[in-house]
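Undergrad: Model the full assembly from the supplied sequences, consistent with the hints where possible.
Read off the chains here:
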Amino acid sequence: MTSVIEVENLTKRYGDVIAVDDVGFKIEKDVIYGLLGRNGAGKTTVMSILTAQNFATSGDVRVFGEAPYENARVLPRMCFVRESQKYPDDAKAPHAFRTAKLFFPNWDQELCDRLVADFQLPMNRRIKKLSRGQLSAVGVIIGLASRAEITFFDEPYLGLDAVARQVFYDRLIEDYAAYPRTIILSSHLIDEVSNLIERVLVIDQGRIIMDETTDEVRDRAATIVGDAGAVEAFVAGREVIHRESLGRVVSVTVLGALTDDERRRLAASGLDVVPVSLQQLIVRMTQRAADSRVPNEGALR
Amino acid sequence: MVDEGRALFLQIAESVEDAIIDGSLAEEAQAPSTNELASFHRINPATAAKGVNMLVDKGVLYKRRGIGMFVAPGARHLLLEERRSAFADRYVEPLLAEAAKIGLDADDLRALIRERASAHTTTGGSAL
Amino acid sequence: MTAFTPTASATPRGRIVNVVRMQFVNRMTFVWIPLIILAAVFVFSMVIWLMIPYGGPKYSGGAQALIWYLLAVGIQSLTLTFPFSQAMSVTRREFFFGTYLTAALTAALLAVVTTVGGLIESATGGWGLNGWMFYTDWTWASGPLGSALSVFALAMLTFTAGFWCATIYKRFGGIGLTLVLVGVGALLLVALWIIGRFNAWVAVFGWLASLGVVPLSLVVLAIVVVLAATEFWMLRRLTP
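Residue numbers (my numbering), protein chains in the order written: chain X, 1 to 301; chain E, 1001 to 1128; chain H, 2001 to 2240.
There could be a bad hint or two in this list.
Unchecked claim - Taking lysine to any residue and the SDA-like style, the derived pairs with C-alpha atoms no more than 20 Å apart in a straight line are:
{"hint": "1", "chain 1": "E", "residue 1": "Lys-1101", "chain 2": "X", "residue 2": "Ala-268"}
{"hint": "2", "chain 1": "E", "residue 1": "Lys-1101", "chain 2": "X", "residue 2": "Gly-229"}
{"hint": "3", "chain 1": "X", "residue 1": "Lys-129", "chain 2": "H", "residue 2": "Leu-2080"}
{"hint": "4", "chain 1": "E", "residue 1": "Lys-1101", "chain 2": "X", "residue 2": "Phe-234"}
{"hint": "5", "chain 1": "X", "residue 1": "Lys-29", "chain 2": "E", "residue 2": "Ala-1049"}
{"hint": "6", "chain 1": "H", "residue 1": "Lys-2170", "chain 2": "X", "residue 2": "Gln-85"}
{"hint": "7", "chain 1": "E", "residue 1": "Lys-1050", "chain 2": "X", "residue 2": "Asp-215"}
{"hint": "8", "chain 1": "E", "residue 1": "Lys-1101", "chain 2": "X", "residue 2": "Asp-227"}
{"hint": "9", "chain 1": "E", "residue 1": "Lys-1058", "chain 2": "E", "residue 2": "Asp-1018"}
{"hint": "10", "chain 1": "H", "residue 1": "Lys-2058", "chain 2": "H", "residue 2": "Asn-2130"}
{"hint": "11", "chain 1": "E", "residue 1": "Lys-1050", "chain 2": "X", "residue 2": "Glu-216"}
{"hint": "12", "chain 1": "X", "residue 1": "Lys-86", "chain 2": "H", "residue 2": "Thr-2079"}
{"hint": "13", "chain 1": "H", "residue 1": "Lys-2170", "chain 2": "X", "residue 2": "Arg-13"}
{"hint": "14", "chain 1": "E", "residue 1": "Lys-1101", "chain 2": "X", "residue 2": "Gly-226"}
{"hint": "15", "chain 1": "X", "residue 1": "Lys-86", "chain 2": "H", "residue 2": "Lys-2170"}
To be verified - From the derived model, a few chain E residues whose C-beta atoms are all more than 10 Å from chain X:
{"hint": "16", "residue": "Ser-1015"}
{"hint": "17", "residue": "Ile-1021"}
{"hint": "18", "residue": "Asp-1022"}
{"hint": "19", "residue": "Ala-1038"}
{"hint": "20", "residue": "Glu-1082"}
{"hint": "21", "residue": "Phe-1087"}
{"hint": "22", "residue": "Pro-1094"}
{"hint": "23", "residue": "Leu-1104"}
{"hint": "24", "residue": "Ile-1113"}
If you're looking for bench data, these hints aren't it; they were derived computationally from the structure.
The beta carbon of each residue, even a glycine, is placed where N, CA and C say it ideally should be.
TA: This is how it looks when you write it as structure tokens:
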């Protein structure tokens, strides 16, 4: 598999605060990635550095094998419209699209027009007067119609209602299927995008805590529910990442896939196995990472 | 439609298998393409492809170069065999476990099954 | 749809031209509004001249409005258009040259309009009302070209001032900008103090006044170049 982006030892410091902490990963060609994490975890910072809009304090970033900074060979092959993107004063949506056409070599005007209709975007209103959802739609349309080889979507659905979000996901899949490219989608609505993404990159407090395929992640954990005694007996020796109880009923989330044999045993003991959704798993793992951090260590160094 | 418990690509494969078993997707008919499956189930095309490839490996589908994926002859029979041998594990075991929980023994179960089965046949039942 | 719709270019020069196109995509900002302002000022001046029963020369200072407008355009080129250009995957270098090229085109447009206005103004003796907006003896001392150059230089200076101050603010914060402006103010004060110390007021200001429109405009343009150079340096590490 070819990597289109390679990141090594990437660190970003703002004074005493470490926003990105010695991060390393590779982005493979034509794969849809989910860059997941809480607000403020470092998702936008990482994407900004990859597109040379922001600068690393230290570390190495290579896009298509080259450093992206001021690199006119590499930058037009990427598209990054950020979550609260600024547009020229008095600009309207058609102005933004006409400009995008000037700079993205793969720009598809037909797709743009179709998306404008899908999102019912008002073309005659100034961008600064658009609603939050309509503003997001502008960014989403630029991102999709640019057909850039590497496209970043930074929390693209803010302000979009459920219907519009589904339109985005549907158009994304449709266009990706017809024109495969590398897509990195940052989101905190993990369950909504879990079926779209092929690989998961979870970033928490500036560190990558997960870098796997969605299938691998789904297999990672299970929740056992039932009588406290039976459950505890089963989970003994396993890594527990969450525990809840209501009376004698206990719900324990453990790491590690369950074999068919184990599932049979559980059923026989009258215990329920509840699947762990991607969102739950990542939330639990993030909480765990936070709890395990020594209080005086962490972000401040 | 898509549940959290099992891998997505398995669920996709199963949905195609279900269609073959109930006859809506005939042998030698063209199977839905990866992109069609991805769009319909709203999932990543790579995942759909994984499911389709699994079916190809299993011998349920085969590829006609340049045209697409087709249901292999004998696929239905193959799938029925597979499902029958898995039936006991997938359905009977949980049935027994639940029955045990609520205090029904094997005889009770037999009576229940006979009762329900006859109700089905009088109201039309399922084709076999 | 139309005969020629410009699309993406792969050459550096092509991309810089596309930055100019980007700035002009909303023609209001760089073309129509300045012209509208000029026209509005002209109309108001005319109305006022018509109302004043004074036969001597009447001067309109209304062209100032344009200066403030260009300052605002310079500021917004950085605060809004720069972040947008980043989203369009434009390099900072391309943005810098493209934006200055755009400013130069607008400055040239204004120079032409005011010079033509001045020619008409002097030919009609102040629009038949002895009212003067475009023409002054001093700026026209070297003829229409001198006047055009002076307008061009002033427009470039105003745009650059806005662009430059906004960049300092973005990179070094409000404190940075304050320090710089205070520093510039201090330098001027020191210069004035030195002139006063040597009682050279007459000499210095006499000399400045004797400088023609053309040399002074060139000095202004030299200042613009210096500011632009520091601008380029600051832009290199600016984040949107």
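Undergrad: It remains to establish, for every hint, whether it holds in the given structure.
TA: These are the hints, each one checked on the structure:
1. E:Lys-1101 to X:Ala-268: holds (9 Å)
2. E:Lys-1101 to X:Gly-229: Given that 20 Å is the threshold and the Cα spacing comes to 17 Å, the pair holds.
3. X:Lys-129 to H:Leu-2080: With Cα atoms ~15 Å apart, Lys-129 (chain X) and Leu-2080 (chain H) stay inside 20 Å; holds.
4. E:Lys-1101 to X:Phe-234: Within the cut-off at roughly 19 Å; holds.
5. X:Lys-29 to E:Ala-1049: With a Cα-Cα distance of about 17 Å, the restraint between Lys-29 (chain X) and Ala-1049 (chain E) holds, given a limit of 20 Å.
6. H:Lys-2170 to X:Gln-85: Given that 20 Å is the threshold and the Cα spacing comes to 16 Å, the pair holds.
7. E:Lys-1050 to X:Asp-215: Holds: Lys-1050 (chain E) and Asp-215 (chain X) sit about 11 Å apart, inside 20 Å.
8. E:Lys-1101 to X:Asp-227: holds (13 Å)
9. E:Lys-1058 to E:Asp-1018: holds (15 Å)
10. H:Lys-2058 to H:Asn-2130: At roughly 6 Å apart (the allowed maximum being 20 Å), Asn-2130 (chain H) and Lys-2058 (chain H) satisfy the hint.
11. E:Lys-1050 to X:Glu-216: holds (14 Å)
12. X:Lys-86 to H:Thr-2079: Answer holds: Lys-86 (chain X) to Thr-2079 (chain H) is near 8 Å, not above 20 Å.
13. H:Lys-2170 to X:Arg-13: holds (18 Å)
14. E:Lys-1101 to X:Gly-226: With a Cα-Cα distance of about 13 Å, the restraint between Lys-1101 (chain E) and Gly-226 (chain X) holds, given a limit of 20 Å.
15. X:Lys-86 to H:Lys-2170: holds (14 Å)
16. Ser-1015: holds (14 Å)
17. Ile-1021: Answer for Ile-1021 (chain E): holds, closest chain X Cβ roughly 22 Å.
18. Asp-1022: Given that every Cβ of chain X is farther than 10 Å from that of Asp-1022 (chain E), nearest at about 25 Å, it holds.
19. Ala-1038: Since the minimum Cβ distance to chain X is about 6 Å, Ala-1038 (chain E) lies within 10 Å and the statement is violated.
20. Glu-1082: The assertion about Glu-1082 (chain E) holds, with a minimum of 15 Å to chain X.
21. Phe-1087: holds (15 Å)
22. Pro-1094: violated (6 Å)
23. Leu-1104: holds (14 Å)
24. Ile-1113: holds (20 Å)
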